[in-house]
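Let's have the full structure, built from the sequences with the hints guiding it.
So that you can map any letter, position 96 of the sequence shown is 96 in the working numbering, and since no number is skipped, the others follow by simple counting.
I should point out that these hints are in silico values taken from the structure, not numbers from a laboratory. Cβ coordinates follow ideal geometry from the N, Cα and C atoms, glycine included. Honestly, I wouldn't trust all of these hints.
Derived Cβ-Cβ restraints for the label pairs, each shown as a range [what the hints assert, rightly or not]:
(1) Q45 - A302: 48 to 56 Å
(2) G239 - E80: 36 to 44 Å
(3) G252 - A302: 14 to 22 Å
(4) V179 - A249: 33 to 41 Å
(5) G142 - S20: 22 to 30 Å
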Amino acid sequence: MDYIVLDMEWNQPWPGSPSSKKVLPVQIRGEIIQIGAVRVTEAEQVADEFQIMVRPKFYRHLNRRVSKLTGIKENRLRDEGVPFPEAVERFLAWCGEDIVFLTWGFDDIGILRENLQLFGLDTGFTQRWYNVQMIFNAQTDGSNSQKALKTAMETLGIEATRPAHDALGDAYHTALICVRLDLRKGMREYDEALKSHENGFHGAELPGCIARKVFYDYPDKYSALGAMAGEENLCPVCGSRMLGSRWFAQPGHRYMDLAACPEHGKFLIRVRLSNQEDGTVRVSRLTYEATSEAAEAYARRAEKAEPEEAAARPRRRRRRRAAPRQE
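So this is what it looks like as structure tokens:
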């Protein structure tokens with residue numbers, strides 16, 4: 001069995017652009033433009049590498065933020081990129097049989113599955129997959145925090161020799177982390193590590209997730225949460241404006257709210273706020289069915305808040321009636 005350490009870069013439409021208003025057959029958080037992978041052998045040795053550029057079909061104009069972060073230009077995608085189905089075919093041919101995918105974070109496999117579904121391709125090969133962040137946390141400080149790749153490298157004393165925000169570069173550095181971990185032990189104990197990871201509220205999608213979207217360029221968290229409760233709080237079924245209840249804070253700059261559509265009922269909204277290098281706030285939003293495990297977590301939090309708030313609420317002092325004046 002080989003471990004395939006996978007990383008990808010993807011393009012996203014600029015908010016308000018014509019591309020952002022496209023209605024696609026499958027909702028995607030981003031269209032893949034680069035795939036990078038490094039093989040780690042069963043003996044946990046770094047082996048060969050794979051990289052391919054993907055020519056976007058739906059979001060053809062490269063988001064300038066994505067271009068600045070990755071260094072990828074539109075002319076490179078036109079000259080070197082291949083259609084996504086061809087890229088997947090080449091990638092799987094390189095992977096071979098009996099493989100397990102490893103990624104740094106939850107996003108890559110989710111994005112890959114969305115793109116596969118959009119192009120009508122089989123997603124079955126993505127089922128054997130582990131988030132190395134979970135294994136790293138369990139075998140280092142035991143925390144539930146979601147660490148950046150750079151932080152993990154510094155913890156293990158790994159020097160960066162490849163560019164960051166490059167699919168192959170990030171895959172290579174993740175592979176160096178993998179060979180310093182006990183992968184087999186991490187895979188055996190993965191379910192427990194995932195369960196303790198704030199019950200999935202640090203990026204892991206709990207059952208019942210029906211929609212995902214990423215938003216950019218909010219000046220602060222108040223503007224971001226206001227937009228999520230206002231103009232961006234749309235029903236995943238009909239697109240109508242929903243009415244929110246109340247945001248409850250979760251660890252790691254995460255919040256959840258229960259919103260209601262007049263026609264389709266209630267949905268749980270989970271958001272994660274991330275500070276960007278330019279000082280703006282990025283929002284990752286997940287929408288869940290009201291009967292999902294995530295929605296049940298919201299209900300428990302709301303029930304807990306009611307007695308807390310009642311105890312903290314100041315009592316109104318009854319005004320004493322003045323005695324009637326005697327004349």
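Quiz item: For the pair Q45 and A302, does the Cβ-Cβ distance stay inside 48 to 56 Å?
Solution: This hint holds: roughly 50 Å between Cβ atoms.
Quiz item: Is it true that the C-beta distance of G239 to E80 lies inside 36 to 44 Å, as the hint says?
Solution: 37 Å, holds
Quiz prompt | Satisfaction of the hinted span 33 to 41 Å by the C-beta atoms belonging to V179 and A249 | solution = 37 Å, holds
Quiz item: Is the hinted range of 22 to 30 Å satisfied by the C-beta distance from G142 to S20?
Solution: 41 Å, violated
Practice problem: Go ahead and decide if the range 14 to 22 Å is satisfied by the Cβ distance of G252 to A302. | Solution: Distance hint for G252, A302 holds at roughly 20 Å.
Figure legend: structure checked against the earlier numbered hints; the only hint not met is number 5.
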